[in-house]
Amino acid sequence: MRPIITLLTDFGTADGYVAELKGVLYAATPEVTVVDLSHDIPPQDVESARLAVARYWRRFPSGTVHIIVVDPGVGSNRAALAVSSDDRFLVGPDNGVLSPALLAGGSRAVALPVPTMASATFHGRDVFAPAASALATGTSIDTLGAACLDPVVRRTPEARRGPDGSVIGEVIAIDRFGNAISNLIAPRGGRIEIAGRAMPIVRTYADAVVGDVIAVVGSSGFVEIAQRDGNAARALDLARGSAVTLRPSSA
Amino acid sequence: MRPIITLLTDFGTADGYVAELKGVLYAATPEVTVVDLSHDIPPQDVESARLAVARYWRRFPSGTVHIIVVDPGVGSNRAALAVSSDDRFLVGPDNGVLSPALLAGGSRAVALPVPTMASATFHGRDVFAPAASALATGTSIDTLGAACLDPVVRRTPEARRGPDGSVIGEVIAIDRFGNAISNLIAPRGGRIEIAGRAMPIVRTYADAVVGDVIAVVGSSGFVEIAQRDGNAARALDLARGSAVTLRPSSA
Amino acid sequence: MRPIITLLTDFGTADGYVAELKGVLYAATPEVTVVDLSHDIPPQDVESARLAVARYWRRFPSGTVHIIVVDPGVGSNRAALAVSSDDRFLVGPDNGVLSPALLAGGSRAVALPVPTMASATFHGRDVFAPAASALATGTSIDTLGAACLDPVVRRTPEARRGPDGSVIGEVIAIDRFGNAISNLIAPRGGRIEIAGRAMPIVRTYADAVVGDVIAVVGSSGFVEIAQRDGNAARALDLARGSAVTLRPSSA
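Residue numbers (our numbering), protein chains in the order written: chain A, 1 to 251; chain B, 1001 to 1251; chain C, 2001 to 2251.
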């Protein structure tokens, strides 16, 4: 089986940085399959990258190596990490972007040494790609660096219970379709209040007429606010951090 | 030979949905080659996706599986289809996006069952990807679902003959370069009238001086309106549906 | 080892042109690995493509075939080239985009014949892809066309020495992060003057406080102007061609 190395960056592709990184990977390990996940993370948006990583890191087969480079602190004294978790590997900066794998039971992290010749502005090419090639071809993570015992961890903000049985959450992401993804889970359904509107949780977008703003349980299990054939975030002027309230069905 | 699975979606890549879909494919069938065709179809623009599919579906080798997910009706009672046509396979929603393959002689379609556990908002991950993995590894399409005898079919609008021997067509797409692609074919050349301008059909962009608006026969065989080193759609305020007339050479 | 064919274009992906090109490659040579480098080069921006090619062409393994299609002159009498250089191959239009490989010692170029049936607007599909498939599977470049002895070559503009020991350069590119990449090299450090500001050359972005505009030696060896957690090009209104001066440390 060919080992898989995936790429998530905020580089875009037009400048040739991703091309350089791929060249380094294929030159070191021509037998790998390099898989683009995204190069369109908004520049330096660690939180967007963290949420994407949470979606995908464990869906790939055992042995997959995930490179994640959204790295505003490149060249500073932030550590460069390799992480082993649930039989997958992740490499990237120690800024919280690897949290979904670090928080899983049994994860281990090592701090990668930065070679003297490495560019201080492009660790993706000079630090993370070589580490990923090594891991993809069976090098033990323990030989790549010293254990890092307190990596930076970021978590999705938790919703809190309101005085009246409601649950008070917030928007954690706006996706390409303008859907506002919240941190609310609603196993028994209920009503959602956001931006001065109230709406029931329906099963899917199609359970609404065109233009209606609705709430659905999205594909990651969280309640999303969507507009049928429209853009809910624009319609309701929503952004990351916007308040959203769940009134559970039993309330 | 490694089986090929291609992807065309309107997901963008930044939110991690494409990453999840690829994870599901590689976990089920690590031996496949997954090929990105586009994730930049404008959100929910079934017509753009249909035109792209028409360009590529038959150019890939026999046995290729094309996943196409532009799916505003996800979760509704629209069928989820797998199609066999000219020794290729396509999976996607029953909204017309698969028409180019459905209209070819000998095509067959089956309706994929939607598992109870499938997300009502992400059939790409939970319905189409598993079906594609099955087809790529040799599962018979007949075992995937019951025959669908009347799938939704969309066609490129046909040009019509005018009273004076002209042919009256319309713009069916604007491409990234601002070229306006019409539904006109002009095997014997002629003159094009659009947006109050008239111009001969020339052989290629370079047969004009910079800034000139010209008509050429594009790479799919249709007449296109282009501006040398410019953007014809912006220059002439063209959009999908804009009227365009051909006066054939013999007229 | 599977041969590698890389793709750099200004096609975007939404229109299906890249999809057609990949279909042609996989149909001719199913055993290759096709690697996307970028399809987001600004339309017809030969200079951006040339700078990207300079970054990556030699980082890939021996035998790699690079397809580069940024081709405003498609269909004109500009030659279609295949280039052999340092054991890699490049195919693309003769407009300077292949210069980084042409300028390396020992390079050779041949002019590819354009088949009668080729679309005059899409040589990527009908000329460059077939040539790339041939090269990737071991066909000798000499059999693909007649030697081209004077291909178009473009060079990065050279900085010049000022009367007072300073070095006067210019911005050659703005990257996705808003970093302005100059044609200055500063092996011994110094100070940079640009847009009425002066700043020392620091080691990396993190050696500044948020909002500061700084100069660093970038990953390609050139001095770059950056803004910590910001966009230097926007902050200082910089563009390709903006003047920038280096006052070397010893001056």
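Simulated from the structure, these hints should not be mistaken for laboratory data. Predicted model, so just to flag it, every value in this text is computed and none were measured. Mixed in with the good hints there might be a few duds.
[As the list claims (entries may be wrong)] Derived Cβ-Cβ restraints for the label pairs, each shown as a range:
# : chain 1 : residue 1 : chain 2 : residue 2 : range
1 : B       : Glu1193   : A       : Ala239    : 45 to 51 Å
2 : B       : Ala1027   : A       : Ser140    : 22 to 28 Å
3 : C       : Gly2138   : B       : Gly1196   : 50 to 56 Å
A virtual CB, placed ideally from N, CA and C, is assigned to each residue, including glycine.
(request) Output the numbers, in ascending order, of every earlier hint that fails for this structure. (result) none
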